[in-house]
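**Student:** If you're matching them up, the sequences are chains A and B in order.
Per my numbering, the very first residue in the first sequence carries number 1; after that it's consecutive.
Per my numbering, the very first residue in the second sequence carries number 1001; after that it's consecutive.
Careful, some of the hints might be misleading.
With a cut-off of at most 30 Å between alpha-carbon atoms, the simulated DSS-like pairs for lysine-lysine come out as follows [as the list claims (entries may be wrong)]:
1. B:Lys1170 <-> A:Lys156
2. B:Lys1339 <-> B:Lys1372
3. A:Lys176 <-> B:Lys1051
4. B:Lys1372 <-> A:Lys176
Note that these hints are calculated values from the structure, not bench results.
Computed from a predicted model, the values in this text were never measured in an experiment.
Listed below are the residues making up each chain.
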Amino acid sequence: MKKFERLQGLVAPLDRANVDTDLIIPKQFLKSIKRTGFGPNLFDELRYLDEGYPGQDASQRPLNPEFVLNRPRYQGAEVLLARRNFGCGSSREHAPWALDDFGFRAVIAPSFADIFYNNSFKNGILLIPLAEETVERLFQETEANEGYRLDIDLAKQRVITSSGEEIPFDVDPFRKHCLLEGLDDIGLTLEQGGAIAEFESRHRAAQPWLFRDV
Amino acid sequence: MAGQTLYDKLWTQHLVTSRDDGSALIYIDRHLLHEVTSPQAFEGLRLAGRKPWRRDANLATPDHNVPTTLKERSAGNAGILDDVSRIQVETLDSNCESFDIEEFRINDERQGIVHVVGPEQGATLPGMTVVCGDSHTATHGAFAALSHGIGTSEVEHVLATQCLIAQKMKNMQVRVEGELGLGVTAKDIVLAVIGRIGTAGGTGYAIEFAGSAIRDLSMEGRMTICNMAIEAGARVGLVAVDDNTIEYLRGRPYAPSDAQWPAAVEAWRELVSDADAPFDKVVELDAADIEPQVTWGTSPEMVVNVSANVPDPAAAEDETVGRGMTRALEYMGLEAGQKITDITLDKIFIGSCTNSRIEDLREAAKVARGRKVADGIQLAMVVPGSGLVKRLAEAEGLDKIFIEAGFEWREPGCSMCLAMNADKLGAGERCASTSNRNFEGRQGYGGRTHLVSPAMAAAAAIEGHFVDVRDYDYAPSDALSA
Ligand code: SF4
Chain A
1 MKKFERLQGL VAPLDRANVD TDLIIPKQFL KSIKRTGFGP NLFDELRYLD EGYPGQDASQ
61 RPLNPEFVLN RPRYQGAEVL LARRNFGCGS SREHAPWALD DFGFRAVIAP SFADIFYNNS
121 FKNGILLIPL AEETVERLFQ ETEANEGYRL DIDLAKQRVI TSSGEEIPFD VDPFRKHCLL
181 EGLDDIGLTL EQGGAIAEFE SRHRAAQPWL FRDV
Chain B
1001 MAGQTLYDKL WTQHLVTSRD DGSALIYIDR HLLHEVTSPQ AFEGLRLAGR KPWRRDANLA
1061 TPDHNVPTTL KERSAGNAGI LDDVSRIQVE TLDSNCESFD IEEFRINDER QGIVHVVGPE
1121 QGATLPGMTV VCGDSHTATH GAFAALSHGI GTSEVEHVLA TQCLIAQKMK NMQVRVEGEL
1181 GLGVTAKDIV LAVIGRIGTA GGTGYAIEFA GSAIRDLSME GRMTICNMAI EAGARVGLVA
1241 VDDNTIEYLR GRPYAPSDAQ WPAAVEAWRE LVSDADAPFD KVVELDAADI EPQVTWGTSP
1301 EMVVNVSANV PDPAAAEDET VGRGMTRALE YMGLEAGQKI TDITLDKIFI GSCTNSRIED
1361 LREAAKVARG RKVADGIQLA MVVPGSGLVK RLAEAEGLDK IFIEAGFEWR EPGCSMCLAM
1421 NADKLGAGER CASTSNRNFE GRQGYGGRTH LVSPAMAAAA AIEGHFVDVR DYDYAPSDAL
1481 SA
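Extracted from the complex, chain A is given alone in its bound form (with noise of 0.2 Å):
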């Protein structure tokens, strides 16, 4: 996995509440059997105007000049921020997949999904919810200032603003370890194989018919 330590990224606002993973990444995208390959179809359906497939020439469509990533000021973004409930809706790790490829890190909100939570960490995307007010405060000041970056510290927990503000966050301690060192969590989980089979022989004790041959 992705490293996360430190990024000075350029905001981009997307100023929409419970923005679902359909709207991210369209369902017809998901049919790729690839991990890779899904930036230039993020936010498809609000970013062109034209109906999104797969296979595509992206550079081909005719873009929808309205939508704040198609807007020079924003070209490069690496931070999305974001209203409550970012990324509401289904399991799609398409999702992150998609606005990992498009070149965000990190994404700023109130809140955000659950399971979208978990499937961007584990793609080295950086979830920073906020407060509510403190979010409405960088949308205010990004729309404000062209070129707006903010500075993100993950292992200090800090979002550093250019007038030297710093805003602390949260973040659950084993995921932030695990985007500070890039590690792979199926070979960290495997390293307690031993405790795995033998939970497995006293669960299987106990409930046998859990193991029925399928």
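Here the structure of chain A is known, so what remains is to put chain B with the ligand in place on it, guided by the hints.
**Tutor:** Relative to the frame of chain A, chain B with the ligand by itself:
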């Protein structure tokens, strides 16, 4: 010591190790797979040279991409006309073959929507942990199994380690007491709950649905409710074990053998919350107050009683909500203040892992029997949840009732719930759907979805617009056999 909730018990029974930082390793008893969220996980295993930890814990079936028309379906995988979709299904077949995982293939009669298949086979049992790369895995919680959706990295993790890294959730109880009115169903309960607590109201919680109205539901009804827990933000929905649970499972193919049955039942009886178990949050609803529900917007929380009008964004609690409502009305092509019963429909979809089980089809058939789909409806389709549901429905003559009324009777799959196959809405088309999500574009680019119960969808098909199924000449439950 305070008592334990059902969720606490299930969690404790599956805890392999816990870390100081609050994360834990939990053991997974059943892993269900489908074609959309598994290919990258198998690829990951292969690249790392890993094997499934316990192959017999896994069960797979293709559901999202399969065609539902008989002509295409009879050709098997070759009948999937979209190349990308076909490759995805073929990839599932070949992965299951090479990793020796049991799969019900496209034309196996046991194939169906993964959340219909698991319980139907008895592959979902009380006291299990059940995961699947699909957020509607919460469905299986109706059996007091700790079940939730996972992402593809977690699918790979479960395949490789039989475990998941998890964090304990908080406990919420949603208590529904009293009796539902005639024509009001499990779907209306869960939509009313989502309307009350919102799409993020359950985030971070495992919700246990309790109360006399839940106890009175069949297993099918309980599955409908747990299915949509995720639409309230909760990954987990649960219902305690009772006689209904046990009777439903008796004799299912993967249920405990006769020799194991008494011990299993004894263990299952413990799978209830203790009377003094503390919940972090309790939400109470009176069943008698619940009306048939209809969503008007692009989020399941945008829901009202069928007797109500489309709400006004000007009356929203705050600006962000108001803007969301305005955008939703625009997308849906509706006006604030419009009566719900004045909304006319183009298409009707009865199906999905929320409402495609035998009881759902019976409810819809009761309304459709002896009536005709309105002229304005271009397509009304019924898609059974599995091949076995289809066979049972046909044995009961439901297919004939639907076909005579002008519905199409299809082959099992996810179909127009998310429109990954050929079944979809065109731009601007309006659909009464028994599925679980009304997000923008969910049923097709520019398509407009209203979520309702099977009875409400069938009544809307007959009238061409929404009607209150309670005012409708709604047949009592035994009418079909009369
Ligand atoms: S029926 Fe719909 S919600 Fe259920 S698994 Fe299929 S696509 Fe997902």
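**Student:** Determine for every hint whether it applies to the structure shown.
**Tutor:** Hints versus structure:
no.	hint	verdict
1	B:Lys1170 <-> A:Lys156	holds (27 Å)
2	B:Lys1339 <-> B:Lys1372	holds (24 Å)
3	A:Lys176 <-> B:Lys1051	holds (28 Å)
4	B:Lys1372 <-> A:Lys176	violated (59 Å)
Hint violations for this structure: number 4 only, all remaining hints satisfied.
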